[in-house]
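Protein chains: 4
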Amino acid sequence: MHDERYPIGEFQCPQSISTQQITDWIEQIEALPQQLNKLTAQLTDAELTYRYRENGWTVRQLIHHIADSHMNSYIRFKLALTEIEPTIKPYAEDKWAELPDSALPIDISLTCLEALHRRWTVLLESLSNSQLKRSFHHPDTGTMPLEQCIGLYAWHGAHHLAHIEQALTLKIR
Amino acid sequence: MHDERYPIGEFQCPQSISTQQITDWIEQIEALPQQLNKLTAQLTDAELTYRYRENGWTVRQLIHHIADSHMNSYIRFKLALTEIEPTIKPYAEDKWAELPDSALPIDISLTCLEALHRRWTVLLESLSNSQLKRSFHHPDTGTMPLEQCIGLYAWHGAHHLAHIEQALTLKIR
Amino acid sequence: MHDERYPIGEFQCPQSISTQQITDWIEQIEALPQQLNKLTAQLTDAELTYRYRENGWTVRQLIHHIADSHMNSYIRFKLALTEIEPTIKPYAEDKWAELPDSALPIDISLTCLEALHRRWTVLLESLSNSQLKRSFHHPDTGTMPLEQCIGLYAWHGAHHLAHIEQALTLKIR
Amino acid sequence: MHDERYPIGEFQCPQSISTQQITDWIEQIEALPQQLNKLTAQLTDAELTYRYRENGWTVRQLIHHIADSHMNSYIRFKLALTEIEPTIKPYAEDKWAELPDSALPIDISLTCLEALHRRWTVLLESLSNSQLKRSFHHPDTGTMPLEQCIGLYAWHGAHHLAHIEQALTLKIR
Chain F
1 MHDERYPIGE FQCPQSISTQ QITDWIEQIE ALPQQLNKLT AQLTDAELTY
51 RYRENGWTVR QLIHHIADSH MNSYIRFKLA LTEIEPTIKP YAEDKWAELP
101 DSALPIDISL TCLEALHRRW TVLLESLSNS QLKRSFHHPD TGTMPLEQCI
151 GLYAWHGAHH LAHIEQALTL KIR
Chain D
1 MHDERYPIGE FQCPQSISTQ QITDWIEQIE ALPQQLNKLT AQLTDAELTY
51 RYRENGWTVR QLIHHIADSH MNSYIRFKLA LTEIEPTIKP YAEDKWAELP
101 DSALPIDISL TCLEALHRRW TVLLESLSNS QLKRSFHHPD TGTMPLEQCI
151 GLYAWHGAHH LAHIEQALTL KIR
Chain Y
1 MHDERYPIGE FQCPQSISTQ QITDWIEQIE ALPQQLNKLT AQLTDAELTY
51 RYRENGWTVR QLIHHIADSH MNSYIRFKLA LTEIEPTIKP YAEDKWAELP
101 DSALPIDISL TCLEALHRRW TVLLESLSNS QLKRSFHHPD TGTMPLEQCI
151 GLYAWHGAHH LAHIEQALTL KIR
Chain S
1 MHDERYPIGE FQCPQSISTQ QITDWIEQIE ALPQQLNKLT AQLTDAELTY
51 RYRENGWTVR QLIHHIADSH MNSYIRFKLA LTEIEPTIKP YAEDKWAELP
101 DSALPIDISL TCLEALHRRW TVLLESLSNS QLKRSFHHPD TGTMPLEQCI
151 GLYAWHGAHH LAHIEQALTL KIR
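Chains as they are written, first to last, in the UniProt record's numbering: chain F, 1 to 173; chain D, 1 to 173; chain Y, 1 to 173; chain S, 1 to 173.
Pulled out of the complex, with its shape left as it was, chain F reads as follows:
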């Protein structure tokens, strides 16, 4: 059954992560800002208010959320690379999406994502095999190894990209 909250399904991490898999994920992370730009380049203000499901976020909120989320994720990678399994700080994403900067034009977050993903990609490509095994501790969900986290955020970008496509199709207000 189709679940409109998960248009591409939930993230399934392979038991064994191949180096090719990691390369593919990093390429997906690298590609996301361009895909978002393409998908949203011609959107009107009205289209930016469409929701991907009843009471779900609008296209505008989705884009600002991706910027917030990936900024947090980038920081978690750097924490894990410079400390021994640090406990990271979760954030209340629904409340963040209501803060006033989530009403700004989307090009601000798109620009931010472009620059951020360039730094992030360079960082990810530099990771040695032993660095990929480093991890951080999430207070709610436990230990997260970086190699798995790369897959999670490749999925996360595609997940919200599909939300935006869904919002533009369903036109829910």
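You may find that some hints are simply not true.
One copy or any two copies: either way a pair holds, since identical chains are not told apart in the list.
In silico SDA-like pairs for lysine to any residue, Cα to Cα no more than 20 angstroms straight-line [said to hold, decoys possible]:
| hint | residue 1 | residue 2 |
| --- | --- | --- |
| 1 | K89 | L48 |
| 2 | K95 | R53 |
| 3 | K171 | D3 |
| 4 | K89 | A46 |
| 5 | K95 | E125 |
| 6 | K95 | R51 |
| 7 | K89 | Y6 |
Hint data in this document are derived by calculation from the structure and do not stem from the laboratory.
Given chain F, put chains D, Y and S in place with the hints provided.
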């Protein structure tokens, strides 16, 4: 005596913070990316390797550090606005400055700062008096009210801008 | 020398207004209806006819005046928040105090003040730093920034509260 | 044809206004707060979000608007009674409806309306024939005699009462 680590001195928070002071600080935060762009627009790769003091960061590291630091700070503001005095996660700034993405061209972090400071400024300008009294808890330095934190980051930008000017004058390698 | 027209002195606006000052003023505005209720709860009809000075308003007129005045002030705040420095309409407060609704039981205006001050306080607490710098134009007295106006009405409440206390002490008819 | 913006039609002022007409109108103004209380007493938070038409105000906004509007109107009556055809200050009602105090519980504005309408009704009942001929000047719509303005606000209350009934029937979000 001049301390080359603190070319503009350390941050001194006024006992009582006026609304005009906050307006001025926000304007300084808003202006920083332009000032950084201007100061670094014509720099050669060699100039980007100058240090502001012996064993201090290079101009390139300073710029990437400002982007990292202000990304963390922006996140702390949002945490304080959406949770009750959250304990934030410090980071090891010296180790971050050695990670491979700190060797990237500076325009990536400058672009990131431009977009980030636009979102940040909108958020700061929206803060009501009672929101300005909200705070986060830093595990090492204790409670930090947001109004004081605005001053701290207005100072932080000017502090590192002065470092870059100093590096370009002293040409330390 | 004591001036019985100004039992707590005239309003003195600090040169620089701190965020703490604004918080204090808003709390004073919030507290006024309770203070008025307490002070007037047991008053007889005779006591309501006492004047705070020769030919000054009676206690009854004072209470109706506070309701009129704060209703006008609340409207001026909303005008300043929704237009660019609007010119507001002054009113002839002495003539208003002679209109027949100023002879009504005081509980009507006290109830009105309670509800009005709740709406007003929520509005004031929501004001951002840049909104506090907005202003209206008074045809007689010129530009009034909202932050200063908050102080003026914190004072205005205390000013008339002191008038009522003075009237109940001096018992002038 | 039914126009959902005007469920009871627009205000039609009779050519000749009888004293009986004025008495009826004042009684309608007097009755409004009770009618609003009755209609909204059991509403859930969800019901308060219903709109009377697409992109129209919610029930909550309608109630706060009535309080704002009648406060302004009450002030205009007093201005007209104490000055010679004063020019009154219009207000941007749509922008007022977006200010944060329009998100408050409705009982605050209902209480305010109860107290306000008591003062207003006493004032209106006291008006002599010559006072009924006094007027104010509205910068956009010109001269408004008080007797006509009484009819306008009797209509205005019924107009928005019908909007609320319509919103509760249509359940538009």
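Where does the structure disagree with the numbered hints, that is, which hint numbers, in rising order? Violated hints (numbers, rising): 1, 4, 7; every other hint is consistent with the structure.
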